[in-house]
Amino acid sequence: MPLPVTPSYERRLRDLRSLSPETAELAERIALDLKPELLSIASDTLEAQLLDLMQEVAQQHIRCVTRLWDWLSAVASAGALPVKHVAFFVYDAAALGGPHGVVPE
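Going by this note's numbering, the first residue of the sequence shown is number 24, and it counts up by one from there.
FYI, nobody ran anything at the bench for these hints, they're computed from the structure. Please note that the accuracy of each hint is not assured.
[As the list claims (entries may be wrong)] Restraint-style ranges between C-beta atoms, simulated for each label pair:
no.	residue 1	residue 2	range
1	Pro-27	Gly-102	14 to 24 Å
2	Ser-66	Pro-105	16 to 26 Å
3	Glu-60	Pro-122	14 to 24 Å
4	Lys-58	Ala-110	15 to 25 Å
5	Ser-31	Lys-58	13 to 23 Å
6	Glu-60	His-123	14 to 24 Å
7	Tyr-114	Gln-82	14 to 24 Å
8	Lys-58	Pro-122	25 to 35 Å
9	Pro-27	Pro-105	16 to 26 Å
10	Asp-93	Lys-58	15 to 25 Å
11	Ser-41	Ser-100	26 to 36 Å
12	Asp-93	Leu-61	11 to 21 Å
13	Ala-101	Arg-52	29 to 39 Å
By construction, the Cβ of each residue, glycine as well, lies at the ideal position given by its N, Cα and C atoms.
Required output: the full structure, derived from the provided sequences and hints.
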């Protein structure tokens, strides 16, 4: 079951879309693949984490893609996201996150 579409999700996705339509589309793809029922955190927390990270990608913050990769990997390790999709999502985010989106610690 994907991440539930709530009014706050729709509002934040709309805001993200006005900033970067491509990043919003990626966020939607990730949300559709998530299985929040397999995690011990609330869906609204998962939603906030995803959209906060995607906001950083849209704004091209330093290390934004690295942070997204860490988060996606943790979610996949918990079984709530197909592991094979993490690389595809990170690849797409790297194209959107700017020249400093992938910077090692």
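Checked hints:
Evaluation of the 14 to 24 Å hint for Pro-27 and Gly-102 yields a pass: the beta carbon distance comes to about 18 Å. Distance hint check: the CB atoms of Ser-66 and Pro-105 are about 18 Å apart, consistent with the given range 16 to 26 Å. In this structure, Glu-60 and Pro-122 break the distance hint of 14 to 24 Å, their C-beta atoms being roughly 37 Å apart. Between Lys-58 and Ala-110 the beta carbon distance is about 18 Å. The supplied range of 15 to 25 Å therefore holds.
The hint said 13 to 23 Å for the Cβ distance between Ser-31 and Lys-58, and at roughly 20 Å that hint holds. In this structure the supplied range 14 to 24 Å is violated for Glu-60 paired with His-123, their Cβ-Cβ distance being about 35 Å. For the pair Tyr-114 and Gln-82, the beta carbons lie near 19 Å from each other, so the given range of 14 to 24 Å is met. Between Lys-58 and Pro-122 the C-beta distance comes to about 33 Å, which sits within the given range of 25 to 35 Å.
Taking 16 to 26 Å as the suggested C-beta distance range, the pair Pro-27 and Pro-105 conforms, at roughly 19 Å. For the hinted restraint 15 to 25 Å between Asp-93 and Lys-58, the CB-CB distance of approximately 19 Å keeps it satisfied. The given range of 26 to 36 Å is respected by Ser-41 and Ser-100, whose C-beta atoms sit roughly 33 Å from each other. Judged by the Cβ atoms, the range 11 to 21 Å given for Asp-93 and Leu-61 holds: they are separated by roughly 18 Å.
Against the hinted window of 29 to 39 Å, the Cβ-Cβ separation of Ala-101 and Arg-52 comes to about 19 Å, which falls outside the hint.
Violated hints, in rising order: 3, 6 and 13; the structure is consistent with all others.
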